[in-house]
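Visitor: Residues per chain are reported as follows:
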Amino acid sequence: MATQVCLYIVTMAIMMLLYPHGCTSYVPSPLDFLAIRVLNSKPLLEEFVKDPNLRAVYYFKRDLPRLRAFLKELDKSAENLKVYGVEVALFDCTSGTDEETCNEDKVEQMIYTYRNGLKLLQLELETMFDVNSIMSNILQLVLLREVPILQRQEERNQYVDRHRGKFDTIFGYMRAIGTYEHRVFMEVAYAYQDKFKFALCTNKEGYSGLEGENEVAEKNAAWVIYSKGTADMKMSCPSLRLKCPLNLVTLASFAKALTLPKMYDVPVSGAEIPYQSKDMHIAYLYYDGDTEKNVKENAEKLAQDFHGTIGTVTIDRNVALQQFTTHGYDGRTPRISLQMKDMTNPVFPPAEMWNPQEINMFVKASVAEYCRKNAGPVNPSGEMKGEETEERGTAVSPDVNADEVESQDDEVADEVTRLNKVPMNLDMVPALTDRTFPQNIGSTNLLLVLFYLPFDAKSMSFLRRYGEAAVRLGDQSTKSLARVNCYDWTDVCGNQNVTIYPTLRVYEKMGKVHEDYKGPMDTQAVYSTVKLLQYSRPLPLTEQSEIDGFVSGFFPPDLSTISNTSILGLFGKSHAQEKAVYGELAEEMKDKFVFGLVDNTLAKKMADMYGTDLPAVVLVKRDDMLEPHVVYRGMYQTQALKDFILTNSLPKLVELTPQRFPLLYGQQKPFVILFTNGGDESKLSEKALVQVIQTNKYKDLIYCYLSVPSSKSLGHRVLQQYNSNLDIPTISLVKLNTGEVHNLFDGYKYESDKILEWIGRVLAGQEQLSSMLPKGDWKPLSKGYNFLKIIEWEKKNVHKKGTSKMLANAEEHGIGFNSDGEYEGREEMGSRMQQEDSMGMTKETDSKEDAEVREELVRLHSSRLYHQKHVKDHSKEGKMDKMKTDGRSESQTPKDQVKHEEL
Amino acid sequence: MNCCPMSSRIHIFHVLVLLLTLTLASCYHDYCIIGAGPSGLQLGYFFKKSGRDYIIFEKSNVSGDFFTLYPRHKMLISINKRNTGKTNKEFNLRHDWNSLLSDDESLLFRHYSKEMFPHSDDLLRYLHDYQSKLGINVQFNTYIHNIQTTPCEAAADGHVFTMSDQQGNSYRCGRLIVATGVSKPNIPNVPGIEYADGYETMSINPDDYEGKTVLILGRGNSAFELANSIYGSSNLIHMVGRSRVRLAWATHYVGDLRAVNNDLLDTYQLKSLDGILEAGLDEVKIIKIGDKFHLQVNHMEDVGESMDQMYDNFAMREPYDKIIRCLGFKFDNGIFNLSSALKMGNGRGKKFPAIGYDYESVSAKGMFVAGTASHSLDFRKSAGGFIHGFRYTARALHRLLEWRYHQVPWPITRQPVTNLLAAVLKRLNEASGIYQMFSSLADVVIFKKNNTEFDYLEDFPLNLLHELPEKSGHDAENVMVVNMQYGEEFSAPGNDIFRLDRATGDPSDAHNSNFLHPCLYYFDRLPTEEDMKHRAKKQHLPTPKAIHHIVEDFLTTWNAPNSHILPLRRFLENVLDTDMRNFHWETCMEYALTRTTVPLTCQELFFKGQGIGSKLM
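Sequence order for the protein chains is A and B. The first sequence begins at 1266 in the working numbering and counts up by one. The second sequence begins at 20 in the working numbering and counts up by one.
This is chain A alone, in the form it adopts within the complex (with noise of 0.2 Å):
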C-alpha cells in the first residue's frame, strides 16, 4: 500500500518535471484569456497595482473544474471593467515565484484589490460566481465612497441632508451585494456620479419611509429622493419610486429622464420636445384658454408622480392640431393622451376620463403593462443558480451544488478556521507524549489533560480557551494544565479509553483516581475549576477573618473571580457524623463549589449570626440581593444536602446568561422573564417583579430576566419572538417545553400585585397565549452531495467515449481546447443556454439590450471624465466632442468632486 503512496509522489515529481505548471494544475495560457492579464513574476505584479486606478488580482494555484469556470467569467468581467479603468489580472503561483501573497491563508478562495500599490479589500470567490457578482463586487470598490450601503433609515436621512440644495439621491434597494440589480446600479452610479448622488441599501429598514414602500413587491427597487430641490432642513425631502423593476434599462433612463424637466409646455412657436429625443414616455394633455389652468395642475400632478418615468407634456390645442396632426387628436379639451416609447403616435382614453385620479390609474396601468411586455430578464438575480450550474463549462450533474454543500456554517468550525492564524496561547499547557503523560500524570496531585483531536472544530475551540484559561491561572497552572493531541498520540488516548473529542481529564493522587470534566468549553469554568480543585476539601476556616474573608469572597483571596457562592459548614465537637457528609460532599462537588469548614468555638458564633444552631450548613450568595443566604435544615444525608445546594445555588432574580441556563432549564419550570434596558421604567418593573418573589407565592418559576442592551443582542431577538412590539420592559410568562408565551400588559408591569393576578391567571389557563414559539427545524441545512444521484446522472449524461477524445485533446492541447486551441467547452454551453432561450427567457436579446446602453452609459460618463487616460478610442473621443458642445459635459471631474467632499 505505502508503496503506491510512494510511487504516487515520484510520479509526481516527474510530472512536475513534464509539466512545469505541476501535475494537476494547468494554467491556461494568457492568449486564451480576452482581458485578464496573466503576471508570473514578482516585478509585473509590483507595477500592475501601482496604477491609481482599482487592481484586482486572482492568485492562481491549482487547476480545479469550479475555478475554470469561475476564470471564465472573471475574464468577461475583466473585459467590461476596463471602460471602468478596472483591470484584471491573474498572478500564477505555480511559476515558482517567491511572492509571499501566494501562500497566504485560503488564497486561492480570493480576489486581491489594489491602488497605488496598497492591498484593498479582499474579495471572497464565493460571493463571485459570475460577471455580475464579479462586477458589481468590484463596482462597489470602485465607488466605495460614491455609492455608500446605507442599512438604517436614519443613516439614509443623514447622507441626503449632506446633499441638500446642491443633488438629488437616487436610493437603490436590491436584496443582496453581487446580484444583477447590484451591478446595474453600480454601473448608472458611474455615469451619472457627477449628477446625482448615489446610495443603496439591501434591507427592509434601509429604504423605509420613502414613496411606495409598501409597494416594493420585487426584490428590488429605485427611488430619487428630491434633496437639491428641498434645502430647507425642515422639510423631509419627498421621493419617487422607479415604477418599473429595477434592471439596467429602466434605471438608465429613470436616471437619463430625472435630467430632464419635469414637465414641458410646447410654445406656440412649436419645437421639438425634450422627451422625444429621449426616448421616453410621454403624457399630452391639451389645453385652451379655458381649461388652461386646470389642465396645467393636473399636469403638475402627474409629472410629481410619474417624473423619471414619463415626460409631461402641456400643449395648446390649436399647436396640436397644427403641429401634431399624426396624433390624431380630436381638439376636445381637456384632454389627455399618452405615448409608451414603442409607440409612434399617442393613444387617447375615454374622452371623459379627467380627473386626477382616474388620469394616475391609466398612466401607471399603461406604465406597468409596458413593464411586463419589455421586461428584463424575469428575475435576473433569481436566475443565478440556473445561470450557475450552466456556467460551469463542464458536464456537472444538477444535483452539485459546490457553493452550498463547501460553505461553513457552523459557527464553531468556521470560528476555528476564522483563528487559525491567530496563534493559541499554549506555551503553560505543555503537549503529552507517549512518554511524558505517564510521568506527568504520576508525578503530581492535580492534572488536567485534555485530549483532542486536531481536525475537531469542538476540539480545536475548546483547546483555545483551554489555553486561555492556563495563562489566566499563570504560574499555579504550570503544572496543572497539559494536553495530549490524540491524532500524534493515537495509542496514549486509546489506553486512557478516550473516544470522545474533546475530552478533559482531571488526574489527582498522582494519577490514581481521574474523572472526566463535564463542565462547559470555557475559559472562565476550566479557570474557576482548576482553581476550585486546587482548595482543600473542605477548606478548613480557623480565624475569624478568614470566615469573614470567604463569606465575602476574599479568601481565598481570588475567590471571587471563581465563585460567587460560598458553603460553610459550621459543626461542634459532636457533629462527627454530619462533618463527614459535608466531606463526602465537599469532595463529591469539588470542582463546582468550595466548601468552607469551621469546627473550632467560631463555629458556635457563626450558627448564632445565622440565627441558627450547630451543626449548619450556610449557603452564601454574594450576588443575590434578595437572599444573600440560606441555612440548610433538612437532615445531614449527602443526597438531601446536594439538592439543597443545587436548587438554592442560583439567585432568585436570576440574570439568564449560557453559563446559568442549563442548570435552570433543567428544572423544567416555566420561567417568568423580565426584558430589561437597565432604564429607570425597566428598573421600576424589576422592582415589582422583587416583591412579587419576596411573597414566595409561586415558588415552582423561575424568575429571571434578560437585558437588551441593544437591537443586535441576544434579548432583542428573544423579545422579538415573544412581543413584536418591543416594549421594553417586557414580563413574559413562558412555558419552554411548550412554547406558551404570555406577556403582561403594559400597564400592570409596575405594579407587584397585579403581576400576582396575572401569574395567577396564566397557571390557571385563563390568560390568551401571546405567542407561541415555533417548534425547531433541526434538519441538515443542506442535501450535501448525493453521488447516488450525481453517478446517476452522469451515466446518462457523460459518455465515457466522449471523456476519453477530451482526455486525449487535453493531453495535446490543455484541458477545455481543442486542436486549434479554440475553447470547446464554450459552444457546448451555448447552445445550452439558447436551449433555454427558446423556452422563455429572454438573456440573449435583454443583453443586446443591455450592451447598447452600457455603451451609451459609458459614453456619457467618458465625456466628462476627460482625464482618464484610458479612454483611446477615438471614435468615443469623436462623439465625446460632439456632447460637450451640447453643453451637457460639465466641468466637475469626480476627483474634484472627492476633494470637495472631502473639504
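Hints in this document: simulated from the structure, not taken from any laboratory. A hint or two may mislead.
[Stated by the list, open to error] Residues of chain A clear of chain B, computed beta-carbon distances all greater than 12 Å: (1) K1460; (2) L1525; (3) E1562; (4) R2119.
[Stated by the list, open to error] Derived list of chain A stretches under chain B, where covered just means 3 residues or more per stretch with a C-beta under 8 Å from a C-beta of chain B: (5) 1668-1682; (6) 1723-1731; (7) 1755-1766; (8) 1982-1988; (9) 2002-2008; (10) 2043-2051.
Quick caveat, the model's predicted, so the values are computed rather than measured. Glycine residues also receive a C-beta, built at the ideal position from the N, C-alpha and C atoms.
Based on these hints, arrange chain B on the given structure of chain A.
Guide: This is chain B only, laid out in the frame that chain A set:
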C-alpha cells in the same frame, strides 16, 4: 469421549472429569495452528492475549522457516518505512509492511533493519523475537500430517480434528487453523520441465550464469528477482509468461511486479538483448539437444520440418544454456488425510484452498485458513497475502472465533452520535487495517438508540456485512460502512496511471477519485445475502441508501475543513436526518428560548452543561 475437548460445560462438573481431561491435556487443544510463520504467530498472539487454549505446530526449528530459503536473493520487497514524519503509531503501520501486531513496541520491524527493502534474515530474527518475547506457544520440529475429522458430539462443530506428527504422536484439536502459507513450488505439466532448474534450488551465484543464455519461465517477482541478479553476467535473458507483465504501480497490487525488481524491463525496452514474451506454457515443450535446451511449440513435431520453416522467426528459436522456472508457489495439501483434504479454489484462486469470507474452509466446519493461504479472498486486489495485510485478517479471524466459540462479541466503542464525525475522521486519517486491506476489511458504524448513539466496529470483513449480527454478536439495523477504495477504472495492468486526469481535487467530483480514498455507505437496513450476491462486478457493496465519497488526497490526509470535513458532515446529517452543527452557548440559549426544540448538539452538550464558550472575535 476421550476425543472430546473440555468444553466449558464439563468444567463445572466434578473432579473425576477434570482428572480425565488433565490426562488428555497433553494432546488436546481448543485451537491448533499449523505453521509458525507470520500469520500463525500473529494468531498465536491473539489467542494468548485472550487466554485461549492453543498450540502452534511448526515443522522446522525456527519461526518463519519459509524465509530461511526465500526470497532466494534475500531481499524482502515489503517496505520498511521507518520515518513518516508522524508519531501516530497506528498511522505509521500504514507504511510498515513487516511488523506483526502486538502491544510490545520493541517488536516493531524498524528496530530490526534500516533498509527500505530489508534482508530476510532480519525478518527471521524478528519472528524469533516475536515468538519468544511474547511467549507464544509453538511446538517446533513437529511435522503434522494425516489431518482428519473425527466425529464428536460434545464439540461445537460436531467433530474434532485429529492428526499425527513425524514421531507418531497424535493430536486432537477442537478447531484447526491452517497457516502453512503457500510454499510448494508450482511445477507445470510441461514436457521436458525436468530440464529446468527450479527457483527453489537454482544457483544464486551470478558466476554460474557467466556467458550463459538463460530462459526464465514466469514473470512474477521471483522471475524478475533472478533476472536482476544475473543480467550482468548472462549473455541474454528471455522471460516467458502467460499474461502481460503486471506492474504493481499500475495494478495497486503489491504481489505484482514491483519497481524494485524490474530492471530487466529497462534492458528489454532499451534493446539490450533481453526480452519478454507472452505465451502459455501449455503450448510449449522443452527439449535437450546436446548441452543446450530448446523451447519448442508443442505441436511442431507433428507437422515436421515444413512447419519449423513456417515458424522461422519463432522468437525462442535459439537454444538456451539454462532454463529456470520461477512459476510461483501453491498451497500444499499433503498434510491432510486424503479424505479430509482441503478443497481448492477455482480460477484465480486455484492455488489457494477454498474458504468463505469468515476464513472457514468449505471442506470442514471448524477448519480455518489464515495468512497467505487465505489470499484467495482478495487475490490480486488487496494485501491479504502479505504480512501487512494478513496481520489484520488474522485479527479479524480471531474476533470472529471469539464470538462464535466464546460469546465474546466483536470489540466496539459506544459513542454519542455527536462524536460521529470526529470518530470517522480519526479513523480515515490513521487506521491501518482498512488502509492496507482496503475493500476487504472496513469499519462499520451501527446506529443505536434511535440514532442518538452508535457502536463503532473496526476492521470488519466487508463481505460479511449481511451477516453482521451473526458474525459479530451485535444487532444491527441501520449501519454505515467506512471503506477505502480505488477508483473503479484506475487499477489495471495496462492502465496509464500517470494520465493527466488521474487525480481530482474537487469534492463534488470525489466519486471519480482514482487513488485510494474513503467511501461511506449508509444502509437503512442490512443488505441481505441476495443483495450481496447481486452486486455489480466492480461494486464493493450493494447499492446503499446513500453513499459518500471523500475526494482523494495527495497527502492521504482527509482533514481539509471545507473540502473533506464539511461535505462529510452534510452526509452524516442527511443519514441521521438532523442538523449536526456545533453552536456557541449563546446561540443554543437563544434557540432554547425561542423554539420548543433545539439542535442536536445543543441538546447533547449545552443542556448537559457542556456548551462551547462565547464566540471569539
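Visitor: Of all the hints numbered above, which does this structure not satisfy? Sort the numbers upward.
Guide: Per hint list: zero violations.
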